[in-house]
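Asker: Let the sequences and hints guide you as you build the complete structure.
According to my numbering, the sequence shown is numbered sequentially starting from 85.
Mixed in with the good hints there might be a few duds.
[What the hints assert, rightly or not] Dumping the calculated EDC-like pairs for lysine to aspartate or glutamate here, alpha-carbon to alpha-carbon at most 16 Å:
(1) Lys279 / Glu386
(2) Lys353 / Glu251
(3) Lys178 / Glu246
(4) Lys148 / Glu233
(5) Lys219 / Glu318
(6) Lys219 / Asp180
(7) Lys348 / Asp248
(8) Lys178 / Glu251
(9) Lys206 / Asp275
(10) Lys219 / Glu190
(11) Lys206 / Asp276
(12) Lys345 / Glu318
(13) Lys148 / Glu190
(14) Lys348 / Glu408
(15) Lys403 / Glu251
(16) Lys353 / Asp276
(17) Lys328 / Asp275
(18) Lys178 / Asp276
(19) Lys132 / Glu319
(20) Lys219 / Asp385
(21) Lys216 / Asp248
(22) Lys353 / Asp180
(23) Lys328 / Asp385
(24) Lys126 / Asp163
(25) Lys403 / Glu260
(26) Lys219 / Asp241
(27) Lys201 / Asp138
(28) Lys279 / Glu190
(29) Lys201 / Asp163
(30) Lys207 / Glu195
(31) Lys207 / Asp241
(32) Lys353 / Asp275
(33) Lys216 / Asp324
(34) Lys353 / Glu260
(35) Lys345 / Asp324
(36) Lys201 / Asp276
Hints in this document: simulated from the structure, not taken from any laboratory.
Note that the structure is a prediction, hence the values are computed from the model and not measured.
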Amino acid sequence: MPGMDCKKWCAFILKKVAKNSPKKMRLALMFQAKLLESGISKPKIDRKIRKQGDFSGVTNTPRKTPLVVSLTTFPARMDDVYYAIYSLLNQTLKPDAVVLWLSTEECPGLERDLPAKLLSLKKRGLTIQFAKNLKQYNKLMHSLTACPEAVVVTADDDVYYESDWLEKLYQSYLAEPAHIHCHRAYQIRFDDAGKILPYAQWKRRIAWSETAPSFLNFITGVGGVLYPPHCLHEEVLREDLFLKFSPFADDIWFWAMAVLKGTKIRVVKNNTATLTYVNLARDMSEDKAGTLFQINRSKNDEQLQAVLDYYNLTSILWKAFQAEYPTGTHTALSHPSAQI
Numbered sequence: 085m086p087g088m089d090c091k092k093w094c095a096f097i098l099k100k101v102a103k104n105s106p107k108k109m110r111l112a113l114m115f116q117a118k119l120l121e122s123g124i125s126k127p128k129i130d131r132k133i134r135k136q137g138d139f140s141g142v143t144n145t146p147r148k149t150p151l152v153v154s155l156t157t158f159p160a161r162m163d164d165v166y167y168a169i170y171s172l173l174n175q176t177l178k179p180d181a182v183v184l185w186l187s188t189e190e191c192p193g194l195e196r197d198l199p200a201k202l203l204s205l206k207k208r209g210l211t212i213q214f215a216k217n218l219k220q221y222n223k224l225m226h227s228l229t230a231c232p233e234a235v236v237v238t239a240d241d242d243v244y245y246e247s248d249w250l251e252k253l254y255q256s257y258l259a260e261p262a263h264i265h266c267h268r269a270y271q272i273r274f275d276d277a278g279k280i281l282p283y284a285q286w287k288r289r290i291a292w293s294e295t296a297p298s299f300l301n302f303i304t305g306v307g308g309v310l311y312p313p314h315c316l317h318e319e320v321l322r323e324d325l326f327l328k329f330s331p332f333a334d335d336i337w338f339w340a341m342a343v344l345k346g347t348k349i350r351v352v353k354n355n356t357a358t359l360t361y362v363n364l365a366r367d368m369s370e371d372k373a374g375t376l377f378q379i380n381r382s383k384n385d386e387q388l389q390a391v392l393d394y395y396n397l398t399s400i401l402w403k404a405f406q407a408e409y410p411t412g413t414h415t416a417l418s419h420p421s422a423q424i
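Answerer: Structure (structure tokens):
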């Protein structure tokens, strides 16, 4: 079709064929179509980087309140994180720093254990730090400790972010500095008895126009989250607690620490809801294999309840729900059929 690139055209054809195919074949064709639509072309990006030559992806004019982009990865993704970091260094708004946190347990040789390609990004502004391994919590915890007065924006190691991704987050923050800002969030739902519905029944990918800043906006970290200084409760750094109550779901812990602090979550205007993955084939095969990602998802409700109970947050959320959605809208909003 006119205006489609080759990959999108192939995905379009695969979907057409899949519609009239037996179930097993249909699933396989749709899987391939998703790979074509949602992944990047590494050779194309490599050519782009070579043409660009040397450049700095961080600002030369330090901000009064530093803007720090923070992420983590592990050995199996060390080659792919190069592309995620390149996208973070290629933003329309340059941060003060892009910091990759790695664990000393997984990289005992420190930078000697890292691919040369990844190390090459240091000359473009990447900072590499090593610390204790807190798994997915490495992404934010170490930056909170290292730069407590900074605005910290978290990113994932398997996403290729759009060039205006950071600018949208930062402009949203400048307009409303009291809130946490994110590209992607779910909206927490209640049943008619005032009980929180299961995670799978929450409204997904809410837009800026659908919600005001709210405790009910549950951040999903993969899309990118901006945390203003001191927006989280002081217990956020309690390793004994987050490893006990939410060991596989850092999003739950950080969201709960925001609610406990009284900080609401705002979805940014014109948010990026659809993500481009660096290695979607790997990520999807990991999901199908029943690995940690699936375990994490299946335990979300269990971990959420543990955190809610410990901090007695359900009453706060219920009051927020009643205040934001007057009587008469409650049933429609909480009913699973209202899901996107």
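Asker: Could you run down the list of hints and mark each one as holding or not?
Answerer: Tested hints:
{"no.": "1", "hint": "Lys279 / Glu386", "verdict": "14 Å, holds"}
{"no.": "2", "hint": "Lys353 / Glu251", "verdict": "11 Å, holds"}
{"no.": "3", "hint": "Lys178 / Glu246", "verdict": "13 Å, holds"}
{"no.": "4", "hint": "Lys148 / Glu233", "verdict": "10 Å, holds"}
{"no.": "5", "hint": "Lys219 / Glu318", "verdict": "20 Å, violated"}
{"no.": "6", "hint": "Lys219 / Asp180", "verdict": "25 Å, violated"}
{"no.": "7", "hint": "Lys348 / Asp248", "verdict": "23 Å, violated"}
{"no.": "8", "hint": "Lys178 / Glu251", "verdict": "8 Å, holds"}
{"no.": "9", "hint": "Lys206 / Asp275", "verdict": "50 Å, violated"}
{"no.": "10", "hint": "Lys219 / Glu190", "verdict": "10 Å, holds"}
{"no.": "11", "hint": "Lys206 / Asp276", "verdict": "53 Å, violated"}
{"no.": "12", "hint": "Lys345 / Glu318", "verdict": "8 Å, holds"}
{"no.": "13", "hint": "Lys148 / Glu190", "verdict": "34 Å, violated"}
{"no.": "14", "hint": "Lys348 / Glu408", "verdict": "13 Å, holds"}
{"no.": "15", "hint": "Lys403 / Glu251", "verdict": "33 Å, violated"}
{"no.": "16", "hint": "Lys353 / Asp276", "verdict": "31 Å, violated"}
{"no.": "17", "hint": "Lys328 / Asp275", "verdict": "28 Å, violated"}
{"no.": "18", "hint": "Lys178 / Asp276", "verdict": "46 Å, violated"}
{"no.": "19", "hint": "Lys132 / Glu319", "verdict": "44 Å, violated"}
{"no.": "20", "hint": "Lys219 / Asp385", "verdict": "20 Å, violated"}
{"no.": "21", "hint": "Lys216 / Asp248", "verdict": "32 Å, violated"}
{"no.": "22", "hint": "Lys353 / Asp180", "verdict": "23 Å, violated"}
{"no.": "23", "hint": "Lys328 / Asp385", "verdict": "15 Å, holds"}
{"no.": "24", "hint": "Lys126 / Asp163", "verdict": "11 Å, holds"}
{"no.": "25", "hint": "Lys403 / Glu260", "verdict": "23 Å, violated"}
{"no.": "26", "hint": "Lys219 / Asp241", "verdict": "13 Å, holds"}
{"no.": "27", "hint": "Lys201 / Asp138", "verdict": "14 Å, holds"}
{"no.": "28", "hint": "Lys279 / Glu190", "verdict": "41 Å, violated"}
{"no.": "29", "hint": "Lys201 / Asp163", "verdict": "8 Å, holds"}
{"no.": "30", "hint": "Lys207 / Glu195", "verdict": "14 Å, holds"}
{"no.": "31", "hint": "Lys207 / Asp241", "verdict": "19 Å, violated"}
{"no.": "32", "hint": "Lys353 / Asp275", "verdict": "29 Å, violated"}
{"no.": "33", "hint": "Lys216 / Asp324", "verdict": "14 Å, holds"}
{"no.": "34", "hint": "Lys353 / Glu260", "verdict": "12 Å, holds"}
{"no.": "35", "hint": "Lys345 / Asp324", "verdict": "19 Å, violated"}
{"no.": "36", "hint": "Lys201 / Asp276", "verdict": "54 Å, violated"}
Of the numbered hints given earlier, the model fails hints 5, 6, 7, 9, 11, 13, 15, 16, 17, 18, 19, 20, 21, 22, 25, 28, 31, 32, 35, 36; all others are met.
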